[in-house]
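Listed below, chain by chain, are the residues.
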Amino acid sequence: MGDSTARGGTFFPARTGDPAPGGPPQRTRRPRPRPGSVATHLVLSLGALVMIFPFCWQLLTALKSLAEVSRVPPTFLPEDWKWSSFDEVFTALPFREMLTNSAINTVGRTAGQLVFCSLAAYAFARMRFKGRDLLFGLFLSVLMVPSSLLVLPQYDIIQSFGLLNSAPALFLPGMFSAFGTFLLRQAFLTLPRELEEAARIDGAGSFRIFWSVMLPLIRPALAALAVITAMAAWNDLLWPLIVNTDPEAMPISAGLTSLEGQYETNYPVMMAGSLIASLPMLLVYVFLQRHFVQSVASSGVKS
Amino acid sequence: MSVFPATAAAKAADRRAARAAGTGPAGRDQRTAYLFVAPLGLGFALFYFWPMIQTFYFSFTEFGPFGGHTWVGGDNYARVVKDVTVWQALGNTVLYCGIGLTALPLALVVASLLNRRGLRAVPLYRALYFVPFVTLPVAVGLVWNWLYNGDFGLLNEVLGWFGVDRRYWVSDPSTAVFAIGAVMVWSTTGYYLILFMAGIKGIPQDYYEAAELDGAGAVRRFFTITLPLLSPTIFFASVICMIQSLQVFDLIYIMMGEKNPAVGDTQSVVGLFYKWAFMENAQGAAAALAFLLMLLIAALTYLQFRLQKRWVHYG
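Going line by line, the protein sequences match chains A and B.
Here the UniProt record's numbering is used: the first residue of the first sequence is 1, the next is one more, and so on.
Here the UniProt record's numbering is used: the first residue of the second sequence is 1, the next is one more, and so on.
Careful: at least some of the hints might be erroneous.
Claimed, not checked - Here chain B is said to cover these stretches of chain A; the calculated rule only asks that three of the stretch's residues, wherever they fall, bring their Cβ under 8 Å from a Cβ of chain B: (1) 78–87; (2) 163–177.
As the list claims (entries may be wrong) - From the derived model, a few chain B residues whose C-beta atoms are all more than 10 Å from chain A: (3) G163; (4) V164; (5) L246; (6) A286.
By construction, these hints were calculated from the structure, which means they are not laboratory data.
Ideal Cβ placement from N, Cα and C applies to all residues, glycine included.
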């Protein structure tokens, strides 16, 4: 309807309330704790507790004996700290192979996306060729299709390659991403044209310019993509459940589901297993937290 | 496509480049460009475009017990539309979507609390709230199953202090969907929190200061400044939330198992698709279901983009 103000780019509801010039110098004053900040911290820490406590309970349960966890009311701290559930996980399942498979899957998908998406994104952002916009639109259409719904034919393709129950089966389709291409293209578009022109005058070829001039400049976007992809790969469940049904070929996510089937009521072992399985990604998160935050923020770029 | 404004920028850059070179693109440059695009293009063709066509084709066929597809016309679609479990799964999925959306107001409240001037430990809070999102969903499902456990679970114990009766949260059909939905909210709030915090950072602090000088309280500032100026981000988040909820699978699969009496009451559309395609060998019907879900997601996304004009401000 008459909503054109919102699209015109100049409408700002708060414009009339802009502070008078002369106010700003005050802002340099040091912020002192304000009334109510104790209450804020209280609410926020309560929320944080809700977020973190399940993991504490996971660890505490893993350290208890089976007899202890089936007691009512439950004990909070383990009576004696028992680490054997962690060993038991490795004998119950080929847990070591599963962790390796997860690692291969994660590295394969991440490396694939970084290479394939950055190459294509560079061409889409920086080169002229016939059918470019059409092709880019077509590629983006992949974004609209939920990947879980293509698994039937994808399964057939993997099967026809004779790759069922193999490591490549896990990462092959996930090496190609429309989102990654879009994200990296946006990053390439922000770089100044002059850089390439200067490199070209110096005699560098297209690939050389891409590899040693442009790629290093979009490192933050590459890191964001790597983090998103790695997380999705490590956590993926549906696809591995379908293509790799052999326990030795499963990644850890699918492996845990079979642990659930075998150890239905042995919660210490299940908690130990799930803890080990989520630990690698959590460690990556602890060390690369900045990139995780950046990747979420940049996923918002899409809007 | 006009949806992507950056295309215009790319075109302008092209024109500049062409002018600088004094010519249009040479044949060799074109070939180089195709070489850059080819690896991804081949991968997409093999693993995405061909499967899309195949899924569409499969949806009109039946997979025989000895392999091979026989054409059955619209039978699969008729089956999907008539099947009660499909409608139940769709209802559940819509419910998950609705429950999942409650993560947005939660994240919004936390984000505006974290936006208080001079608040300490903001990065720490942010980091902690994000942990559930990073954690392996299968592990999350197992942990919550344990917390929800009817006999020895901690939740029953804690609720017992307040006089709430014991329950088998995930095997009771009346609570199972909500129990799973709560875990979804728990694990996605951190994601939306970071999204909103990034959005709030883009709102000039002056607005808040001016409003404060005019005597607007925290609640008033939230509704008159944060909410309208953050509406593009909230819109994006709600689209993401909807698309994700419609595809939910992992948590339900892990939390319900196969023998749970509430399986039918919690099954999502993707869960039903998995069951049909890989456990009951009804691939044709599964493909039809997949195709319909695709259409549904596209339609809902389109609808959201239409509705956004009514409530989203683009500054």
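Exercise. When the hints from earlier in the document are held up against this structure, which numbers fail?
Worked result: Numbers 1, 5 and 6 - these are the hints that the structure violates, sorted from lowest upward.
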